[in-house]
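Position in the sequence shown counted from 1, then plus 2, gives you my numbering.
Check each hint, because a few of them may be wrong.
Unchecked claim - Derived lysine-lysine pairs resembling BS3-like cross-links, with alpha carbons at most 30 Å apart:
| # | residue 1 | residue 2 |
| --- | --- | --- |
| 1 | K94 | K128 |
| 2 | K84 | K94 |
| 3 | K250 | K233 |
| 4 | K128 | K84 |
| 5 | K150 | K233 |
Hints listed in this document are in silico derivations from the structure and should not be mistaken for laboratory results.
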Amino acid sequence: MIGRLLQEDEARREQQAKSGFSWDGPRFASRFERRRLCFLSNLLTVLLQFDVQPTIRGRDAREIYVRVGDSPIAMSVDATIKLRPRGRAAAKDPDREPMAIEIEIARWQHGEAEERLFWCDDATGKVERQLREIAIAIVWAGERQLRKGRQFFYEMDCRSYQHALEQEHQRREAAEQRERDRLAQAEADRVARLLAQVSAHQQADQIRHYVQQVNDTPSAVESRAFNGDRKAWAAWALAIADQIDPLKPGGES
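Make the full structure from the sequences, and use the hints.
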């Protein structure tokens, strides 16, 4: 992978030498870039022993990812001042710029604390001296990221399961409440019908009693106590009584 980058860079150098144009000249010709690629090559060689798969992209090979199992790890290898600029001054000679490597462990949840691992040239030596430690830390970061991912999905499954339980509980409660309401309404309708039947029977008896009193009272005045012919009116009134009386066959039900 690093060899391919150097071959492409050499092709750019040759093309530039032929054409004289510098718009797409070598990208890794400086001493610092050579050191960076050499460090990357050695680091990736060690990581391959742990079955870690690398990917390098970007114009200047600065988009670096390694996959530890199913966990992709973002990694940056660059000048220390570019990765951690605060409180640092650029070296007078860019080729002597201290180098650093930073690893970011992905966050799985909103608000989760950021986790980064960082190594750089310091008074004790250069990052190359820490190569194996860095490789082990990258593998650990992949395992850490994998555990975080599994924990995240486990908690998400637990929340989904709890949510489903709550929804089922609410559904059952709502169904039970609807059934209670249905039974209560059915009972209320039954009572109302009973009261209506009692009222209809009482009204029918009242009509019969009234007709009997009209018939027994010769002095009952037409148009005041009854309408029209007394006998015809009495027959009609008794028919109405039978019609509304629930105890009579053919009456209102």
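Could you tell me which of the numbered hints above are not met by this structure, giving the numbers in increasing order?
-> Number 5 - this is the single hint that the structure violates.
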